[in-house]
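2 protein chains.
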Amino acid sequence: MSAIDNLSTYFMKFPGIGTRQAKRFVYFLLAQDPRFVEELAREIALLKKSIAQCTMCFRFYPHLGGGSICDVCTSDTDTATLLVVEKDTDFESVRRSSSYAGKYFILGGTIPVLERDPASKIRIRELLTRIEQGAAEGLSEVILALSANPEGDFTREYVAKTLEPVLGQLGITLTTLGRGLSTGTELEYSDGDTLRHALKNRS
Amino acid sequence: MSAIDNLSTYFMKFPGIGTRQAKRFVYFLLAQDPRFVEELAREIALLKKSIAQCTMCFRFYPHLGGGSICDVCTSDTDTATLLVVEKDTDFESVRRSSSYAGKYFILGGTIPVLERDPASKIRIRELLTRIEQGAAEGLSEVILALSANPEGDFTREYVAKTLEPVLGQLGITLTTLGRGLSTGTELEYSDGDTLRHALKNRS
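Those sequence lines, one after another, are chains A and B. Read left to right, the first sequence gives residues 1107 to 1309 (this note's numbering). Read left to right, the second sequence gives residues 1107 to 1309 (this note's numbering).
Just so you know, the hints here were simulated from the structure itself, not pulled from any lab data. Please note that the accuracy of each hint is not assured.
No distinction is drawn between identical chains; accordingly, a pair holds when it is met within one copy or between any pair of copies.
As the list claims (entries may be wrong) - SDA-like cross-link-like pairs, simulated, lysine to any residue; straight-line CA separation at most 25 Å: (1) K1129 with Y1167; (2) K1129 with Y1206; (3) K1119 with K1155; (4) K1193 with E1144; (5) K1129 with P1168; (6) K1154 with T1115; (7) K1267 with P1256; (8) K1193 with H1169; (9) K1306 with Y1295; (10) K1155 with R1130; (11) K1129 with D1196; (12) K1193 with Q1138; (13) K1193 with L1136; (14) K1129 with I1237; (15) K1193 with A1109; (16) K1129 with A1207; (17) K1267 with E1238; (18) K1193 with D1139; (19) K1155 with T1115; (20) K1155 with D1177; (21) K1227 with D1139; (22) K1154 with G1173.
Build the full structure now, drawing on both the sequences and the hints.
Right under this line is the structure:
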């Protein structure tokens, strides 16, 4: 197998990349300046060394030689709320919006509707531990910020049911993001479910 | 800028990759086994060293310490025909089909219809040199195997017009791939242009 085919098989494992695009990536690299390719290789090799996974919220963060807990978890922001998101990019979206000031938790996935072992797909045990730990620091509300689609709904239900006894015991409220019209949505093209939520949550 | 953003900017330069997918690639790598990431970095770093560009046909080929001409150009296959394709993957498609046994030339692109400096987009000077060189070895036909779309048509016209005097002088024929129904095409969904070609080239 040539170096072209070899590198292609690596790119084919990337999310959303098929045989053709993987090959296109390799030929793209071959056509680049050698410096670009060298720097890319170096950045990839360095990635795991400079980025760590926070043991408290499970997000990836720049590891500057400090502890194993990220800057957001160690910061002295509001400890009363914990926002649970599916993945790192969701965390980034919320941060960018500057609409939330509390703590975070990365669930690490959603649960497919027919999944037999839901606990294997998300960090549910880790979330329970985080909530118990948070209770000692004044946690009063867990916000489930998952996608508004069937898999997100199913995951929300599973998490809610699993957390219920512990949350009840600790006196912590569980909430989810409000549903309605997204900004820029035209009424004409809105689905029935969105309109139902928008009417119910009118203000 | 963190290592995550930094690596993202590299992936954003890949063909067809936007901001979101570049980020997704980085988080995908962070979630992988460290060995996978290390091997990927090594493969990328090695790529340029193990693959060379043939100075005769301009395709990328595994460089095993030999000369600067690839195995297909040095092989003793038919030197009477030269197949001109746009890019390396087109060369691979033709090779895989086992439908052609002659020599190849990678044009390196096509010419956008409104391009002011067509010669800068393709290897037209290199093709002329290759043809003159081929004439000495019995080259009798140059086959333009470009895409059947407006840009391919425009490039074909430009190449044909540019090569005309030289080919005439050397007594070399210029042909293009036959047009008609692609295998699997349903007549019902064929466009007028395809049907016109299919009727004209009936056999």
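Status of each hint after checking the structure:
no.	hint	result
1	K1129 with Y1167	between (31 Å within a copy, 13 Å between copies)
2	K1129 with Y1206	between (42 Å within a copy, 22 Å between copies)
3	K1119 with K1155	both (21 Å within a copy, 23 Å between copies)
4	K1193 with E1144	between (30 Å within a copy, 24 Å between copies)
5	K1129 with P1168	between (31 Å within a copy, 15 Å between copies)
6	K1154 with T1115	both (21 Å within a copy, 17 Å between copies)
7	K1267 with P1256	within (17 Å within a copy, 59 Å between copies)
8	K1193 with H1169	within (19 Å within a copy, 42 Å between copies)
9	K1306 with Y1295	within (18 Å within a copy, 46 Å between copies)
10	K1155 with R1130	between (28 Å within a copy, 18 Å between copies)
11	K1129 with D1196	between (30 Å within a copy, 11 Å between copies)
12	K1193 with Q1138	between (32 Å within a copy, 15 Å between copies)
13	K1193 with L1136	between (33 Å within a copy, 12 Å between copies)
14	K1129 with I1237	neither (46 Å within a copy, 29 Å between copies)
15	K1193 with A1109	between (33 Å within a copy, 18 Å between copies)
16	K1129 with A1207	between (44 Å within a copy, 24 Å between copies)
17	K1267 with E1238	within (16 Å within a copy, 77 Å between copies)
18	K1193 with D1139	between (34 Å within a copy, 18 Å between copies)
19	K1155 with T1115	both (24 Å within a copy, 18 Å between copies)
20	K1155 with D1177	within (17 Å within a copy, 41 Å between copies)
21	K1227 with D1139	between (41 Å within a copy, 18 Å between copies)
22	K1154 with G1173	within (16 Å within a copy, 38 Å between copies)
In this structure, the one hint that does not hold is number 14.
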